[in-house]
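J.: Single-letter residue listing:
Number of protein chains: 2
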Amino acid sequence: MSLPDRTIQAPFPKAEYESRVDRVKGRMEARGIDVLVSTEPANIAYLTGYDAWSWYTPQAVVVALDLDEPLWIGREQDMACALWATHLDERSILGYSDDHITDVDRHGMDCVAGQLVARGLGAARIGTEDDGICLTPRGARHLRAGVPGASFVDADLLVNWVRTVKSPAEIDVMRDAGRLALTGMRTAVEVIAPGVRECDAAAEIYRALIAGTGDIGGDAPWRPTMPSGAKTVTPHLSWTDAPYPSETAVNIELGGCRHQYHVGLSRTVHLGPAPEPLRRLAGATVAGFHAMLERVEPGATCDEVQGAFRAEVARHGYEKTSRCGYSIGLGFPTGAWVERTASLMEGDRTVLEPNMTFHLVLGMWAAESGFMFSETVAVTEGGFEALAPFERELVVKA
Amino acid sequence: MSLPDRTIQAPFPKAEYESRVDRVKGRMEARGIDVLVSTEPANIAYLTGYDAWSWYTPQAVVVALDLDEPLWIGREQDMACALWATHLDERSILGYSDDHITDVDRHGMDCVAGQLVARGLGAARIGTEDDGICLTPRGARHLRAGVPGASFVDADLLVNWVRTVKSPAEIDVMRDAGRLALTGMRTAVEVIAPGVRECDAAAEIYRALIAGTGDIGGDAPWRPTMPSGAKTVTPHLSWTDAPYPSETAVNIELGGCRHQYHVGLSRTVHLGPAPEPLRRLAGATVAGFHAMLERVEPGATCDEVQGAFRAEVARHGYEKTSRCGYSIGLGFPTGAWVERTASLMEGDRTVLEPNMTFHLVLGMWAAESGFMFSETVAVTEGGFEALAPFERELVVKA
Chain A
1 MSLPDRTIQA
11 PFPKAEYESR
21 VDRVKGRMEA
31 RGIDVLVSTE
41 PANIAYLTGY
51 DAWSWYTPQA
61 VVVALDLDEP
71 LWIGREQDMA
81 CALWATHLDE
91 RSILGYSDDH
101 ITDVDRHGMD
111 CVAGQLVARG
121 LGAARIGTED
131 DGICLTPRGA
141 RHLRAGVPGA
151 SFVDADLLVN
161 WVRTVKSPAE
171 IDVMRDAGRL
181 ALTGMRTAVE
191 VIAPGVRECD
201 AAAEIYRALI
211 AGTGDIGGDA
221 PWRPTMPSGA
231 KTVTPHLSWT
241 DAPYPSETAV
251 NIELGGCRHQ
261 YHVGLSRTVH
271 LGPAPEPLRR
281 LAGATVAGFH
291 AMLERVEPGA
301 TCDEVQGAFR
311 AEVARHGYEK
321 TSRCGYSIGL
331 GFPTGAWVER
341 TASLMEGDRT
351 VLEPNMTFHL
361 VLGMWAAESG
371 FMFSETVAVT
381 EGGFEALAPF
391 ERELVVKA
Chain B
1 MSLPDRTIQA
11 PFPKAEYESR
21 VDRVKGRMEA
31 RGIDVLVSTE
41 PANIAYLTGY
51 DAWSWYTPQA
61 VVVALDLDEP
71 LWIGREQDMA
81 CALWATHLDE
91 RSILGYSDDH
101 ITDVDRHGMD
111 CVAGQLVARG
121 LGAARIGTED
131 DGICLTPRGA
141 RHLRAGVPGA
151 SFVDADLLVN
161 WVRTVKSPAE
171 IDVMRDAGRL
181 ALTGMRTAVE
191 VIAPGVRECD
201 AAAEIYRALI
211 AGTGDIGGDA
221 PWRPTMPSGA
231 KTVTPHLSWT
241 DAPYPSETAV
251 NIELGGCRHQ
261 YHVGLSRTVH
271 LGPAPEPLRR
281 LAGATVAGFH
291 AMLERVEPGA
301 TCDEVQGAFR
311 AEVARHGYEK
321 TSRCGYSIGL
331 GFPTGAWVER
341 TASLMEGDRT
351 VLEPNMTFHL
361 VLGMWAAESG
371 FMFSETVAVT
381 EGGFEALAPF
391 ERELVVKA
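Respectively, the protein sequence lines represent chains A and B. According to the numbering used here, the residues represented by the first sequence are 1 to 398, in order. According to the numbering used here, the residues represented by the second sequence are 1 to 398, in order.
In case anyone wonders, no lab produced these hints; they're calculated from the structure. Note that CB positions come from ideal geometry on N, CA and C, so glycine has one too. A few of these clues could be false.
What the hints assert, rightly or not - Going by beta-carbon spacing under 10 angstroms, a handful of chain B positions derived as facing chain A:
1) ARG138
2) ALA211
3) TYR326
In isolation and in its complexed conformation, chain A is listed as follows (with noise of 0.2 angstroms):
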């Protein structure tokens, strides 16, 4: 297929893409892997820049020690994607024609195990991401199928684990999503009102969230939730049709999302006066926020860091069951925006250094009230920048 003009969108600068595949080869060195195909879209992206939405077909990048460059393949109508997004010399982007979709025979794993061949790689030793989103057990069949000398093993989470500590210029980013997510969160606060319909206020909070502000301009963020009343239980419903009543709480979680790098802000805001339980529950909430946000530093754990916001609501007589958040970066709507490495749970010994990104999320269900309330911070040497700083308290529109 021949290939037409390009004019590379990537984000960042070819070097930063050298570094990282450096340290993902580093890590495949130490774990004795010679290829890595991965399939992940946020993993992807991360070793090339590719960040088109197709990963509904079969795609992989290729990451091999002998390899100067990675490849990319996938069908042949996301060759021009991966041309524009990427810094890739187009002779290592590879795709396959349409007659591998919907064949009963054909898979578009087969090209990518004709390719391993093709370089000389069908004995090595071949990593793929067994549990990350998008790599089928049938495309996991073909690929073995196609590689018969080689040998497999799971490398899932190898590339995520070196996505967990960000670059400076990947916190630049982050800065701007950051930025996203307040002009995000300060549209729903106004819109958000008595009478409105839900999908009136989530068509504003899409619209900020993408028009952005004067010098920068959004990508489609995963889907904000916002439940308000008895609805409020559930994390990951749609908005409906109906107004807004004139007494209720709404939770709001939503991301900003610049080049797929998301940062998380939830608040709860309440239409009308706020019930003595909620507030209660809110400042406690806040409180254990704050208890958390003073041990987030290099050399603190996962584990000390939910630690500190456990102790901390249970002195207001609550407990929390569920994570207190999770290392947060990029993110496909395949896989939300969670990392799937660090997680801010009990027995979590990951060691916090400077330049991970930590969504705290502290959904908090008591037997009345529910309250919502995150923020997605960086790890500095001294401690932590917060990427969204919003009003750190129960919205009340009374």
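Since the structure of chain A is provided, determine the placement of chain B on it from the hints.
T.: Using the frame of chain A, we list chain B on its own:
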């Protein structure tokens, strides 16, 4: 875990879901499958109504010939989503705790396996969706290991083929999605203009798609694409912050989304007078589209329908190598809006039936010009119904 109160918000009545499950069970019986573990988000929604954006942690719907209704199994915090989004009895809604997430030993699929064994299905013939994004190789291994007495078969597309023929109620929802698509396209044509930033145009399109009309709002759609100029060769990249130049072609592909049912619609908008080669290409493509429509009726095959397009554009000296469309309906960001069943491509012998719905996608790339044109139709007894009929021409804003 004790479950909260519910207000069922499933988009269809219980009988609709029962009829879907019955049809799925019929296909299972025909293939000797006792238990289906469905993991593709659109299939989960089809079988139960569950449409939360929560697929980034393991989840499944289990249909068993021996069980009256399906089981929903996922993360504990999403049980409340299942309670609100489905008609399932609360005893059919089951969850695993957060210590199954990011754990090297535990996996959410252990919980699915455990439920199968507990219900006496440990020796069943179990079907899994081996090429539907969301079942990972590791998830599949945990499922198999947890039901060691079972046998497994690839049941990918079993539910998708049932979904391919819509019910009258589904067609109604898709009519609504079509109205949303029209609102989005009218807004796109209005806002895309020289000097307008691509992100600002995207923001207004999202707003229109989600705010919808006075009577219905939209859900979060698959991301619209709207590349301009030389970048029109890239089908799946995002917008940028750059303003549209004064003379350029913009290829818009968007979908209206109602209860996660999508109706696709594409047009090319040309800013400034359209060059002759583009007008010629557009004329041929639209003529091909009409030739295709004449063949859309029960009894025709997908191959015949796409052949009518190819024959017509060939008369004008053009050729199209990729497919001309596909079955469309329920869609989540994991799989776009593509049903992965019938394709309007050469050799696809699927016979059209009333209430099948197709996105006819006619992206054309000639040497100097690209032209994008698509519409979504429902097959009727007498032919077809256009679900989002928009001006069938190159849209010129001179």
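J.: Should the interface hint for ARG138 (chain B) be scored as holding, given a Cβ-Cβ cut-off of 10 angstroms against chain A?
T.: Holds, because the Cβ-Cβ distance from ARG138 (chain B) to chain A comes to roughly 4 angstroms (cut-off 10 angstroms).
J.: Does ALA211 (chain B) pass the interface check with chain A, least Cβ-Cβ distance below 10 angstroms?
T.: 4 angstroms, holds
J.: Does TYR326 (chain B) hold up as a contact with chain A if the rule is Cβ-Cβ below 10 angstroms?
T.: This hint holds: TYR326 (chain B) lies near chain A, its Cβ roughly 8 angstroms from the closest one there, short of 10 angstroms.
The structure agrees with every numbered hint stated previously.
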